[in-house]
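Peer 1: Residue numbers (this note's numbering), protein chains in the order written: chain D, 2 to 123; chain P, 4 to 149; chain H, -17 to 314.
Since the hints were made in silico from the structure, they are not lab data. All C-beta atoms in this analysis are idealised placements derived from N, C-alpha and C, irrespective of residue type, glycine included. Hints are not guaranteed to be accurate.
To be verified - Some chain D residues well away from chain H (every beta-carbon gap over 12 Å; in silico):
#1 Gln7
#2 Phe17
#3 Gly51
#4 Ile52
#5 Glu81
#6 Lys84
#7 Leu88
#8 Leu115
Claimed, not checked - 30 Å max Cα-Cα, derived DSBU-like pairs, lysine-lysine:
#9 H:Lys224 x D:Lys30
#10 P:Lys14 x H:Lys228
#11 P:Lys15 x H:Lys251
#12 H:Lys314 x H:Lys(-16)
#13 H:Lys314 x H:Lys108
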Amino acid sequence: MNTLLQYLIVFSVGGFICMIGQVLMNLTKLTSARILVIFLLLGTLLEAIGIFSILKNFAKAGVTIPILGFGANLAKGAIEGAKEQGLIGALLGGTEAAAAGLAGAIFIGFIAALVSKPRTDK
Amino acid sequence: MENKEYLEIVKKEMPKSKHLKTMVQAFFTGGLICMIGQGIADIIKLIFKDLELDIVLQFTTLMMILLTGILTGFGVYDKIGSFGGAGSVIPITGFANSIVSPAIEHKREGIVLGLCTNMFKIAGPVIVIGITASVLVGIIFLFIGM
Amino acid sequence: MKHTIYFNGDVGIKDTFTIAGPKEGEGPLANYFHNVLRDDILGQKSHEKAEILMMKSAIKNILNRTDYTTEDIDCVFAGDLLDEITSSNFAMREFPIPFIGLFNACATFCSALIMGAIMITGGYAKRVICATSSHFGTVERQYRYPLELGAQRTPLNQWTVTGAGCTLLEGGEDHRVKLTAATIGKVVDYGVTDSNDMGAAMTPAAMDTWITHFTETGRKPSYYDAIYTGDLGHAGSRLLKKLMLKEGYDLEGIYDDCGALIFNREAQKVGQGGSGTGCSNLVFNSYIYSQMMSGRLKRVLFVPTGALLSRITPLQGESIPGIAHAVALEVK
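Turn these sequences into a full structure, and let the hints guide you.
Peer 2: This is the structure we're talking about:
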């Protein structure tokens, strides 16, 4: 597919998902933590019912970069783990798939916090 | 004046969020961050031609988190956040920012009891519910498959 | 017991001192503050330590200005917004003066003025210092979010004022500005649950104290040249004016809110305006006091409000109670 078109789709889909989140934030009093959980679970659900891979093929980073993708990844790992390794795969597959996000966030978060100076808002 | 009456007056009188402005800003910010992610993925694919897609995506996630760590550490991400709203919360960068920012803030109370203890102050629910959900999904699929 | 008490004309303001943060120093009242800070960390290792330093410094400064030593001061009433009123407790480590810490959220400064006036009128003290402080960094951390979090402010949010200030009350001397009466407020809760909307949470308390004050003193709003609330913010003060009009009290042209006065709303992007224990304190001890000393305002009613929530109460489903205290001041 034409690269420019692909990027336009990524921009639009990603932007649209975030816009829905913004509407939720404006209309309800949901904090960012709760919004993150809702979209996470949405991703998990979409993957579990098989829709997410279609969206992923179409919008690529537009759906994988939002926390939706993280949730979908968790579900995908669990399902594949169940298929390939039975019970142990079912239990651990999701966490294995999320390893990049978790390990990255923890390690990078730790180092970044160590080297930064606390600063003030203006 | 009754409670209910007062609360209705409050609902009517107090200013509400500017919907259009925040929606457009969220759309733009979220879309931009996703495009950056796509760009990073494409660059990785160009450099490492034989890499599996899954691994490319994992590296992309790591790069986005690294980027967020740097932006948060330099005090830039909060400005992106106040402009972009949900557009900066929903991408994986929002998750990373919610881990780095309390860690920086609580460094003053020491590395173990301050930084480490508070790192998941905001992102904790994401991890707990995410992993719990994945375990449930796995078990359900196991039973469906049987 | 009636809620309004009268001081026998004996309690006056000897002097005031204010230390304002950099953002406050860029606001409309910048020239009224005694000291404007260049930054809000003051070379300290944390914002908490900086706030302690601010309060210490405010008290030290007022002692210097008035040529009094700690021996001359009979009592200090002080408070702030942090857990266990840390800033006040630790600032007072420096001064061997009898100390009573107070907490009424953003109404604390008024509580301190009232307690000081009561102590002097009762003959137990000749000189009392009333002090409060607040700091944007410490309050955000305690009540809201880490400073680097990309969280978006809602239109109802306020900006916690960084600053410390104090008033030296003295009895038995001839002072231009005197405290003449006070109405002690009750806790009022009308069920507001949005912890982003402090203005709406505190407005009922302000109404309650105002109406009590006017009823018990028999005064009308027009008795005063100016009436101030602490930090209801722009929308909150509009709401209060409207509701008071419904009750038959016209506050047009007399009423203003310290939180709305301390920042330039559009330019400084502060949502509804300033808030915090330092907010009403800074505006009172700089702007309002100087207006009274110059005679431009002869009778003032000062009514800061406080929102009495903690970090935990909203999570447990509680609504936000408010309180408001009133102090009447007159120029001799």
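Peer 1: Confirm or reject each hint.
Peer 2: Hint check:
no.	hint	result
1	Gln7	27 Å, holds
2	Phe17	18 Å, holds
3	Gly51	33 Å, holds
4	Ile52	29 Å, holds
5	Glu81	33 Å, holds
6	Lys84	38 Å, holds
7	Leu88	37 Å, holds
8	Leu115	14 Å, holds
9	H:Lys224 x D:Lys30	26 Å, holds
10	P:Lys14 x H:Lys228	17 Å, holds
11	P:Lys15 x H:Lys251	23 Å, holds
12	H:Lys314 x H:Lys(-16)	26 Å, holds
13	H:Lys314 x H:Lys108	19 Å, holds
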